[in-house]
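Generate coordinates for the entire structure from the input sequences, incorporating the hints supplied.
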Amino acid sequence: MWSSYLYVAQRLTAFVLAPLVLVHLALIVFAVQDGLSAAEILGRTRGSLGWGCFYGIFVVAAAIHAAIGMRSVAAEFLRWRGWGLEASATCFGLSLIVLGARAVAAVVL
Amino acid sequence: MNRADDTLAVEIWKGGTDGRLAAFEVPLRANQTVLDVVTWVQRHRDPALAYRFACRVGMCGSCAMTVNGKPRWTCRTHVAKVAVERHLTIEPLRNLPVIKDLACDMTVFFEKWQAARGRFEGRTTRHDEVVQLAPDTPARVAIDAGIECINCAVCYAACDVVAWKPDYLGPAALNRAWTLQNDTRDAGQEARLAAVAGDAGCHNCHSLQGCVAHCPKALNPTAAIAGLKRAVFRAALSGDL
Ligand code: SF4
Ligand code: SF4
Ligand code: FES
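Just so you know, the protein sequences line up as chains Z and D, in that order. Residue numbering for the first sequence follows the working numbering, starting at 1 and increasing by one per position. Residue numbering for the second sequence follows the working numbering, starting at 1 and increasing by one per position.
One or more hints might be untrue.
[Claimed, not checked] Under 7 Å between C-beta atoms, here's a sample of chain D residues computed to sit facing chain Z: (1) Phe24; (2) Trp164; (3) Lys165; (4) His203; (5) Val232; (6) Ala236; (7) Asp240.
[As the list claims (entries may be wrong)] Here are some chain Z residues the structure puts well away from chain D; computed CB gaps all over 12 Å: (8) Ser48; (9) Gly52; (10) Gly56; (11) Ile57; (12) Gly84; (13) Val98.
[Said to hold, decoys possible] Pair by pair, the computed Cβ-Cβ distance ranges are: (14) Z:Trp80 <-> D:Ser238: 24 to 34 Å; (15) Z:Gly47 <-> D:Thr137: 51 to 61 Å; (16) Z:Trp2 <-> D:Arg43: 51 to 61 Å; (17) D:Ala218 <-> Z:Ala105: 53 to 63 Å; (18) Z:Ser95 <-> D:Leu133: 45 to 55 Å.
In short, the hints are calculated from the structure, not lab data. Every residue, glycine too, gets a C-beta built ideally from N, C-alpha and C.
Right, dumping it as structure tokens:
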């Protein structure tokens, strides 16, 4: 039953990620095409609640989504089961959140 | 190769899991099936060769083997369709323990049908009226799409997820569960949904359709499993799981 709820969580985070990824990709293209410098980008993101929320949600959704996916990969290819698998997947997800949060803080704060 | 034009080079698995291929030369015949080839070898070359069949007309599901690397029902697979340069390799089905030669132990396969609660659970007695099922309702159409399964385990052998995760219930059991989830006469749907939502259940499927590509009855277990996933998703969101 546990993995059914993980399945649901992975699908729900996918719904959240789909539009966010599209905006993120469009943003990259826009920034590169427009030749925005790092300073110009930071000028727009620093102190912006909107971008903070956008990438904050992005990081949380991506961490949950990826951790559940990596858990399946480990279960299938390494034949890994039990608490070690759950603990490793959780640690992986948490480290993605920490790394992502650092990146968001660096451009928003 | 200096083999006569009217013969087939056949390699057949001999022994248990740690067995090996044995080579035979078998006369080529018109309209010959792979099961005919195996039977010829047993009658004329190797009386101890173990294999299974019953109906020989694609109904019983007992004759499945791996033919040139692919799982197939051998009684309805013509040699002409699968032989490569008049060569055949015949091995037992994948993903099941080998008992001897071409005979697999199907116990796990059938236990998984039970684990997925792939059996009808009635709610009426012989004293009640027979329930009418209109043939054109969506539920009945969904049942029709999956009901012709002959339990041959070809899909089970084709499924990579079963190979990676041996406790996965697999396409056949889940396909059967889906037909019963659509059966308005069935009383076991809540327990069945919980069974297919378990850790060995439907969400393990990667939807790559190896089962669909190989099912000799042209069924679509992937679509059935997708139906179960939707049902589990809805039940989990509404707290009914
Ligand atoms: S679609 Fe699902 S059940 Fe079918 S072979 Fe692939 S993983 Fe197995
Ligand atoms: S779904 Fe198809 S391949 Fe699988 S057991 Fe049934 S008939 Fe055989
Ligand atoms: S012998 Fe019955 S299906 Fe092939």
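* Would you check whether the claim that Gly84 of chain Z is not at the interface survives, using Cβ distances to chain D and the 12 Å cut-off? => Check passes; 15 Å lies beyond 12 Å.
* Look at the Cβ atoms of Ala218 of chain D and Ala105 of chain Z and judge whether their distance stays inside 53 to 63 Å. => Taking Cβ atoms as reference, Ala218 of chain D and Ala105 of chain Z lie about 56 Å apart, which means the hint holds.
* Satisfaction of the hinted span 45 to 55 Å by the C-beta atoms belonging to Ser95 of chain Z and Leu133 of chain D -> Once the Cβ atoms are compared, 54 Å apart, the range 45 to 55 Å for Leu133 of chain D and Ser95 of chain Z holds.
* Asked: Can we trust that Ile57 of chain Z is non-interface, i.e. its beta-carbon lies farther than 12 Å from all of chain D?
  -> holds (20 Å)
* May I ask you to test the hint 51 to 61 Å on the CB atoms belonging to Trp2 of chain Z and Arg43 of chain D? => At 53 Å between Cβs, range holds.
* **Non-interface claim for Val98 of chain Z versus chain D (Cβ beyond 12 Å)** => Check passes; 28 Å lies beyond 12 Å.
* Does the claim that Gly56 of chain Z lies outside the interface with chain D hold up, using a Cβ gap greater than 12 Å? -> Holds, since 24 Å exceeds 12 Å.
* Asked: Taking the least C-beta to C-beta distance, is Ala236 of chain D closer than 7 Å to chain Z?
  -> holds (5 Å)
* Minimum Cβ separation between Gly52 of chain Z and chain D greater than 12 Å? -> Since the minimum Cβ distance to chain D is about 29 Å, Gly52 of chain Z lies beyond 12 Å and the statement holds.
* Under 7 Å, Cβ to Cβ, is where Phe24 of chain D needs to be relative to chain Z, so tell me if that hint holds or is violated. => violated (37 Å)
* For the range 24 to 34 Å, tell me whether the beta carbons of Trp80 of chain Z and Ser238 of chain D fit it or not. => About 32 Å separates the Cβ atoms of Trp80 of chain Z and Ser238 of chain D, which means 24 to 34 Å holds.
* Answer holds if the nearest beta-carbon of chain Z is closer than 7 Å to that of Trp164 of chain D; otherwise answer violated. => holds (4 Å)
In this structure, the hints that do not hold are numbers 1 and 7, in rising order.
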